[in-house]
Amino acid sequence: MSDMSADKSITSGFENEAGFSDYYALLKPRVMSLVVFTAFVGLMVAPVPVHPFLAFVSILFIALGGGASGALNMWYDHDIDAKMKRTMNRPIPAGKVTKEEAFGLGCALSGISCILLALTANIFAGLFLAFTIFFYVVIYTMWLKRLTPQNIVIGGAAGAFPPMIGWAVATGGVSIESVLMFMITFMWTPPHFWSLALFTKTDYADADVPMLTVTHGREATRKHIFAYTLPLAVVTLGIAATSIGGWSYLIVSIILNALFIRGGWQILRRDDAAAEADDYKAERSYFKLSLLYLFLHFSALLLEAALKSFGWGGF
Amino acid sequence: MDLKVEHEMHKRRFSRNAGLGFVLVGLVVLVFGITIVKVRMIGNVPEAYNAAAGLPTAEAGE
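So the protein lines, in turn, are chains A and B.
For the first sequence, our numbering gives the first residue as 1, with consecutive numbering after it.
For the second sequence, our numbering gives the first residue as 1, with consecutive numbering after it.
Hints are computed from structural coordinates only; laboratory data are not their basis.
Any given hint could be a false lead.
DSSO-like mimics (lysine-lysine), calculated; alpha carbons at most 30 Å apart, straight line [claimed, not checked]:
{"no.": "1", "chain 1": "A", "residue 1": "99", "chain 2": "B", "residue 2": "38"}
{"no.": "2", "chain 1": "A", "residue 1": "288", "chain 2": "A", "residue 2": "201"}
{"no.": "3", "chain 1": "A", "residue 1": "28", "chain 2": "A", "residue 2": "83"}
{"no.": "4", "chain 1": "A", "residue 1": "223", "chain 2": "A", "residue 2": "288"}
{"no.": "5", "chain 1": "A", "residue 1": "85", "chain 2": "A", "residue 2": "145"}
{"no.": "6", "chain 1": "A", "residue 1": "288", "chain 2": "A", "residue 2": "145"}
{"no.": "7", "chain 1": "A", "residue 1": "223", "chain 2": "A", "residue 2": "201"}
{"no.": "8", "chain 1": "A", "residue 1": "308", "chain 2": "B", "residue 2": "38"}
{"no.": "9", "chain 1": "A", "residue 1": "28", "chain 2": "B", "residue 2": "11"}
{"no.": "10", "chain 1": "A", "residue 1": "85", "chain 2": "B", "residue 2": "38"}
{"no.": "11", "chain 1": "A", "residue 1": "223", "chain 2": "A", "residue 2": "308"}
{"no.": "12", "chain 1": "A", "residue 1": "83", "chain 2": "A", "residue 2": "281"}
{"no.": "13", "chain 1": "A", "residue 1": "85", "chain 2": "A", "residue 2": "28"}
{"no.": "14", "chain 1": "A", "residue 1": "28", "chain 2": "A", "residue 2": "308"}
{"no.": "15", "chain 1": "B", "residue 1": "11", "chain 2": "A", "residue 2": "96"}
Quick caveat, the model's predicted, so the values are computed rather than measured.
Using the sequences and the hints given, assemble the complete structure.
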């Protein structure tokens, strides 16, 4: 036996051992970035000032709670993650992390994030974060994701709570402004994901996850996309009339909604034959616009808050 | 004989341990910071204690 083979025989059982980055990947970092940004906006636009350090730590714990949900989602969905190309390289199906480890990490981080948020900000914010984790893991992941093609709508609700938690950190409660901020992401998520589903070859069917494009067809998906675009416009424009809105927000929202409704209309008016002819140009541009749509709406709210601190902003 | 002491596995384990170490130290720093900020927000503790106990405070004593 050579030295080289001896070395391999000793370590062969550990070659798939997880590094720190594999545990970090369990927390779904890309989803966390959306959570951080929207929770930050929710906290900054609230009428009650928060100590900068407590604000920073609160956002960190909200992000940690979001990460805990991600780990628990990967724990429960390890079977379907292994069947889909997009998710088969996640730490559990790749064999780097066991599902028990993911479950333990998710539970521990859930407890730590909720308790420390309650101590840092207030009890209500801590309970709200706990409810969000429960909603995402139990209501969405365990119950409805594999049951209904409206799963995106339910999942979108879980992703829409962070600005409300940010607002609760500052105010200790809920108000019409925070509910409307929730409604932005809630109404935005379905058309965003369904437009993606139209131009990507997803393998949800192999994993027995009902997706609207498969269960109701692509034409119905096009109708759904346009149908969500209209009430989304009402919600986003409605925020302009609240205490966190103003002229700059209103102008940004009118432009974005005009473009978004136009994009939704283009998707509605064409069929798959036309879409394939130009490689789903309208669907792709609608998807890209949707990313900008969400980011710019929350950025405009942040701008309004900044302007108000100088005595400008509002109407 | 060329024995390799440092295997890729060791690097990975080091990264995991170092990462966990940073996370734990970070958590301690955060909790310490929260404590400092919260205590400062409460204000003068003996004054608050005196007021709660019905004892004369600096303001009332003037």
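key: Hints not upheld, ascending by number   = Hints 1, 10, 11 and 14 not satisfied by this model.
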